[in-house]
Amino acid sequence: MIAALVILLFHLVVYGVFALNLMQFPFDYDQGEGFELVDTILFSQGQFPYRDTNVYPFYSSNYPPLFHVIAAPFVWLFGEAYWYGRLLGTLSAIIAACAIGYAVYRDGGRQRWVAVLSGLAFLASNTVYHIAPLFRQHMTMVMFETLAIVVLANVNEIKDQRTRRRVLFTGLTFVLAAGYTKQLAIATAIAVFVFLFIRQPRRSLVWGVGFALVGGAIFLWMNIATDGQWWLQTITANVNQFIPEQTVGLFRLWFSLHGFLIVPAALYILYELYFSRLSIYAIWFIAGVGVSILSGKWGAGDSYFTTSIAGLCILSGLFAAKTMRREWVNFPINLYTRRIILPLWRVANRLSGVGVLLIPLLYIGYGIATLHMPTQGAVFSTVADVFNIQPNVQNGFYDSAGRIAGGYADIGHLTTQADIDAGWHIVDLVRATDQLVLSEEASFNLIAGKDVITNPTQLLNLAQQGLFDSSALIAMIERQDFGLIIMRAQFYPVDVLQRIAVYYEIVETVPMNGFEYMILAPRSTPLPE
Amino acid sequence: MLIGGIAGFAAIMAIDLFDVGREGGIGPAQQIALALCVLLAFLGVTLIPLGDDPA
Numbered sequence: 003m004i005a006a007l008v009i010l011l012f013h014l015v016v017y018g019v020f021a022l023n024l025m026q027f028p029f030d031y032d033q034g035e036g037f038e039l040v041d042t043i044l045f046s047q048g049q050f051p052y053r054d055t056n057v058y059p060f061y062s063s064n065y066p067p068l069f070h071v072i073a074a075p076f077v078w079l080f081g082e083a084y085w086y087g088r089l090l091g092t093l094s095a096i097i098a099a100c101a102i103g104y105a106v107y108r109d110g111g112r113q114r115w116v117a118v119l120s121g122l123a124f125l126a127s128n129t130v131y132h133i134a135p136l137f138r139q140h141m142t143m144v145m146f147e148t149l150a151i152v153v154l155a156n157v158n159e160i161k162d163q164r165t166r167r168r169v170l171f172t173g174l175t176f177v178l179a180a181g182y183t184k185q186l187a188i189a190t191a192i193a194v195f196v197f198l199f200i201r202q203p204r205r206s207l208v209w210g211v212g213f214a215l216v217g218g219a220i221f222l223w224m225n226i227a228t229d230g231q232w233w234l235q236t237i238t239a240n241v242n243q244f245i246p247e248q249t250v251g252l253f254r255l256w257f258s259l260h261g262f263l264i265v266p267a268a269l270y271i272l273y274e275l276y277f278s279r280l281s282i283y284a285i286w287f288i289a290g291v292g293v294s295i296l297s298g299k300w301g302a303g304d305s306y307f308t309t310s311i312a313g314l315c316i317l318s319g320l321f322a323a324k325t326m327r328r329e330w331v332n333f334p335i336n337l338y339t340r341r342i343i344l345p346l347w348r349v350a351n352r353l354s355g356v357g358v359l360l361i362p363l364l365y366i367g368y369g370i371a372t373l374h375m376p377t378q379g380a381v382f383s384t385v386a387d388v389f390n391i392q393p394n395v396q397n398g399f400y401d402s403a404g405r406i407a408g409g410y411a412d413i414g415h416l417t418t419q420a421d422i423d424a425g426w427h428i429v430d431l432v433r434a435t436d437q438l439v440l441s442e443e444a445s446f447n448l449i450a451g452k453d454v455i456t457n458p459t460q461l462l463n464l465a466q467q468g469l470f471d472s473s474a475l476i477a478m479i480e481r482q483d484f485g486l487i488i489m490r491a492q493f494y495p496v497d498v499l500q501r502i503a504v505y506y507e508i509v510e511t512v513p514m515n516g517f518e519y520m521i522l523a524p525r526s527t528p529l530p531e
Numbered sequence: 103m104l105i106g107g108i109a110g111f112a113a114i115m116a117i118d119l120f121d122v123g124r125e126g127g128i129g130p131a132q133q134i135a136l137a138l139c140v141l142l143a144f145l146g147v148t149l150i151p152l153g154d155d156p157a
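Taken in order, these protein sequences are the chains called G and H.
Take any residue in the first sequence, count from 1 to its spot, add 2: that is its number in the numbering used here.
Take any residue in the second sequence, count from 1 to its spot, add 102: that is its number in the numbering used here.
I should point out that these hints are in silico values taken from the structure, not numbers from a laboratory.
Be a bit skeptical, because a hint or two may be false.
[To be verified] Computed spacing ranges between beta-carbons, pair by pair: (1) H:Ala113 - G:Gln378: 49 to 55 Å; (2) G:Asp412 - H:Ile150: 46 to 52 Å; (3) H:Ala113 - G:Glu531: 16 to 22 Å; (4) G:Arg328 - H:Ala113: 40 to 46 Å; (5) H:Val140 - G:Glu531: 51 to 57 Å; (6) H:Ala113 - G:Pro345: 36 to 42 Å; (7) G:Gly451 - H:Gly129: 46 to 52 Å.
None of these values were measured; they are calculated from a predicted model.
Think of the CB as a built atom: it goes at the ideal place given N, C-alpha and C, for glycine as much as any other residue.
Between the sequences and the hints, there should be enough to build the whole structure, so can you do that?
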C-alpha cells in the first residue's frame, strides 16, 4: 500500500508543479484558453459572449456561462490574466478528487487507504493532469458532476423527508451547475434521473419536472437575451463532424492508461447488476463511457473521458475496499450464485487473501501505466536517470500516453523561459503595428491592448454547417486591414485561409511551447487569382 | 435492458432503411452502436432468470 501511495503522491507532485508552472505563463498554453478569458472579461462587464459572428469582431463563445461567471470577479480584482482561470481548474480537480475519496470512504466501509488512493488515482490520470490546470471549464463541470453524484448516492435511503428534499435539491443544483458549465454534463443528468427513476419513479418524475422547468427557464432567458445566439452558438454549432477512428483510438488509449482500474470497476458493476443493486456510481460511469463516444467529434478529445475516469476511480475504490474487508462472501442466493459463486466457495478464503495483496498491485500498476513527468530539473532529472525514463514529447517531458492517438491533447509539458520570451516577442510585434491584428490566440492582442478578433474554431464549427457568412471578414483581409495575422493551427474556415494566403505572407516563425507560430504580414502585391 | 437493446438495434438499422439518400451501408460508428445494443440485450436476457426480487 505504501508503494502505491508513494507513486500516486509523486503524480500529485508533478500535477502541482505543472499547475504552478502554467499559472506563471502569461499566454495561451492550450489553444482556446484565451477565448475563455475573453468570455470571462465580457461577463465581468455584464455582457453575454454569444454574439453574431458575421459582423466585426466575428467573435462568439460556444460554451455555457457558469465557469466564466465564477471567474469574473477575478477580472474586477486582478484585471485580465490567465492564472486565476488555471487556479480554478486546478482546484476543481482537487475538489473532485476529495469527493471521490470521500465517496469511497463513506460507501466502502471507511477504508482510509483505499479512499486516499482513489482520490489520488483521479489526479494521476494523464487526461486529468493535462486538462485540469488550464483556463478551461471542463474540470469545473466534472467537479460539479462528481459532487452531484456523491451527494445523491444515498438519497433514497434518507428517511427524514426534509433532509431528503434538501439533499435532492443540493444534488440537482450541482447537476444544473454542471450543465451550465459545459454541455457534456447531459450524461450526468441522464444518469441521475435514471438512478432516481429505477429506485423511486414518482419522486424522479416530480423532481424531474422541477429540474426541467428551472433549467429550461434559464435556457429560454439566455436565448431571448442574446437574440437566439445562445442556441446557435452553443447548441447548433456544436454538432460537428464525427471521426470514428478518433473515438476508437481514444478508447484504446483510455483502456491502456486506466485498465488497471477499469477492470475492477467493471467487475463491481457486474456484482451490483447480478447480486446487489445498481448504484448511482455504476449508472454514472456507464453514462460517462457513453458520452466519451463523442470524443470522436471534430474539436473534441480525451477530455471527454474525464467523467468516466471519475466514475471508475469511485467504482474501483469500492471494489478495492470490499476486497480489503474480505467481504466477497455474502452473495444472495440466485441462479448465478448457485452456478458460479458456490463452486468457487472452497477457494474463496484463499482468493480473498490474494485479493488483499492484489489491490496495492493494481494501484501500483495504474501509477506506472499513467506515468507522466518532466525529465529535466533538479529532482525530476534524478528520478528520470534512476528509472531510465527518456523524454518522448516537447520540452523534455515523458508521457506514457505517447500522444499518438488523434484527439489526445498535445499538452502537459512544462513551459520554459524561452517560451515566455517568445510570447513577449510576439506581443512586441503586435504592439509595433498601428493596424488591427488577427490572431488565432487571444493573449497577444489582450496584452497589447488590441481588439480580440474572431474565435477561429467557432467560425470553423459554424462554417462546416453553412452558418458562417465569411464575406465581411474576407473583405477586411482583402483590404489588408490587419497589420499582422498570427496563426498556429490554421483553424480558420477554408475560404478564410485561402484569402489569407493570397493577401498575406509569412515573415517570421516563432517557436513557442513546441508549436510554430506563423507571423504573416500584408503582401506588397497579392498573389494572382 | 432487453427491450432497450432490441429497440436501439432496430432504430440504428432503421437509419439505413429510411434515410435512402445515405451511401456506404453501415458505418463504423453504427457498427459500434449495434454491438453495444447487442451487449445490452444480452445483459437483459441474463437478468430475466433473476426475476424482480429486490436485492
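Structure-based check of each hint:
no., hint, in the structure
1, H:Ala113 - G:Gln378: 49 to 55 Å, "53 Å, holds"
2, G:Asp412 - H:Ile150: 46 to 52 Å, "48 Å, holds"
3, H:Ala113 - G:Glu531: 16 to 22 Å, "49 Å, violated"
4, G:Arg328 - H:Ala113: 40 to 46 Å, "45 Å, holds"
5, H:Val140 - G:Glu531: 51 to 57 Å, "55 Å, holds"
6, H:Ala113 - G:Pro345: 36 to 42 Å, "40 Å, holds"
7, G:Gly451 - H:Gly129: 46 to 52 Å, "49 Å, holds"
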